[in-house]
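Each chain, letter by letter, is given below.
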Amino acid sequence: MPGGIHIDDSGGNHFSQAKLDYAAEDADYKREGLRSDTDLRLEDPSVIESVDEYGDSVSVQILTVFPSMILQQIRNTIAVRVVRPRGIEKTELDWIHLGFEDDDDAMTERRLRQGNLVGAAGYISMEDGCVGGFVQRALRFNDDDSGVVMMGGYDAASQPFRSSEAAIRGFWKKYRALIGN
Amino acid sequence: MDDLAVRLGVNELIAAYVDCIDEDRLEEWPDFFVEQCRYVITSRASHEAGLPHGVVYAASRGMLVDRVTALRRANIFEPHRYRHIVGPIRVEQVDATVARAHSNFIAVRVMHDGEMSLFAAGRYLDRIDMTSNPYRFIERLVVLDSQKIDTLLVIPL
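These protein sequences, in sequence, are chains A and H.
Just so we're aligned, residue 441 is where the first sequence starts under the working numbering, counting upward by one.
Just so we're aligned, residue 70 is where the second sequence starts under the working numbering, counting upward by one.
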C-alpha cells in the first residue's frame, strides 16, 4: 500500500497518508471468500464499503497541526479531532464527525457505517484509547521517566512508509524549540 | 393485545438482554434483534440535535455479529465486565405488532483487577417486535448522558 509520512521542518505538523484501490480491495475480499482457510470474515461488509470521494485514491490521511488538532480522512469518514490534556494523568480526544449538505443518502449512510471504524468504539481506533495509558504506565518504571522513541529512525523527517515514530519525535522537536530547550 | 402481557414481554426482553451482556454470553447478543435491525450508541447532545452519528452504528444483525467477532478475536484491551442496572421500564404499545419502550440505565465497569467505575449512564429507546416469542428489538438506541467515554467502548451496552 503506497503511502508515507510528510513532516514539516519544525516537526510539529505532519500528515500521514496511504492510497488504496477500493475496487481491487473488494475483488481481493471476494476472492478470499471462495477459499475456506480463513474463518475471520465480516458478516456485513458494508462497514468498509467505500468510494474514492476525491478521485485521488487516498484512503487514509491524518493531518496534524501542532499541538492538538487533527484532520482525519479514513475512507469516507471525515472528522476533526482535538486533543485536550486534562493534567498529567488524563487527556481527552474529542471527535467531531462531519457529513456534508450535498451528500446523497448513500454517502451519508456510508459515512455513518464507516464511523464504526473510528472513535471510542472504533474497530481501528479503540485501542488508541488504551495505548497512551499503557505507555505512560510503562514509562514510570524507566530511569527519569524517560522512554525510547526509535521506531523508524532517529530524526523527524518525512518517510515513504508509515510504521514510524518520526511524527512523535517531530512533536518533541517542536516542543523543545518552543520551551527553549 | 393485553397490556399486561406486553409489559411482561418487554420486561423479560430487556432483563434477558442485560443478563446476556453482563454474564459474558455475547454470542447470544445478536439474537435479541430482528434481522434488519438498528443498534446505535449515541450521546444525548447528538440525539437532541437530531444528528444521526453513533459511536456504534449497526444497521443489520450481521453488523452485531461482527462486533462480537471483533471483540473476541481481534481487539486488544484490558479484560473487564459490565454490571448494568436498568430502572423501571416505560412501555407504550404502538400497534398490534410493535411496542415502544424506554428505560434508564447505568453500567458499572469492573476491571480485571477489581477496580470499578461508573462507565455509562443513559437511556434505552426501544422499538420492539411483538410477533416473535420472546420479543426482539427492531431498534435499540442507547443514548448516553455524557459524550465522554473512558478509554474505549468494546463490550456493547
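It should be emphasised that the hints constitute simulated quantities derived from the structure, not laboratory data.
Take these hints with a grain of salt, some might be off.
Here are some, though not all, of the chain A residues that point toward chain H, as calculated from beta-carbon distances under 8 Å [said to hold, decoys possible]:
hint, residue
1, Glu483
2, Val487
3, Ile488
4, Arg553
5, Asn556
6, Glu567
7, Cys570
8, Gly573
9, Gln576
10, Ala578
11, Tyr594
Bear in mind that the values here come from a model prediction, so they are computed numbers and not experimental data.
From the three backbone atoms N, C-alpha and C, an ideal C-beta is built for every residue, glycine too.
These are the hints, each one checked on the structure:
Residue-level restraint check for glutamate 483 of chain A holds (minimum Cβ-Cβ distance to chain H is 3 Å; threshold 8 Å). Because the smallest distance between the Cβ of valine 487 of chain A and any Cβ of chain H comes to about 6 Å, under 8 Å, the interface hint for this residue holds. Evaluation of the isoleucine 488 of chain A hint against chain H yields a violated restraint, the C-beta minimum of about 10 Å exceeding 8 Å. Interface restraint check for arginine 553 of chain A: the shortest CB-CB distance to chain H comes to about 6 Å, inside 8 Å, so the restraint holds.
The closest approach between the C-beta of asparagine 556 of chain A and any C-beta of chain H is roughly 6 Å, which is under the 8 Å cut-off, so the hint is satisfied. With its C-beta approaching chain H no nearer than about 6 Å, glutamate 567 of chain A sits inside the 8 Å limit, and its interface hint holds. Below 8 Å, beta-carbon pairs count as interface contacts, and cysteine 570 of chain A has one with chain H at about 6 Å; its hint therefore holds. With its C-beta approaching chain H no nearer than about 7 Å, glycine 573 of chain A sits inside the 8 Å limit, and its interface hint holds.
Annotation: interface hint on glutamine 576 of chain A violated; nearest CB of chain H at approximately 12 Å, more than 8 Å. Here the hint on alanine 578 of chain A is broken, as its CB sits about 14 Å from the closest CB of chain H, past 8 Å. A distance limit of 8 Å between C-beta atoms decides the matter here; for tyrosine 594 of chain A the minimum to chain H is near 28 Å, and the interface restraint is violated.
Going through the hint list in order, the structure does not satisfy hints 3, 9, 10 and 11.
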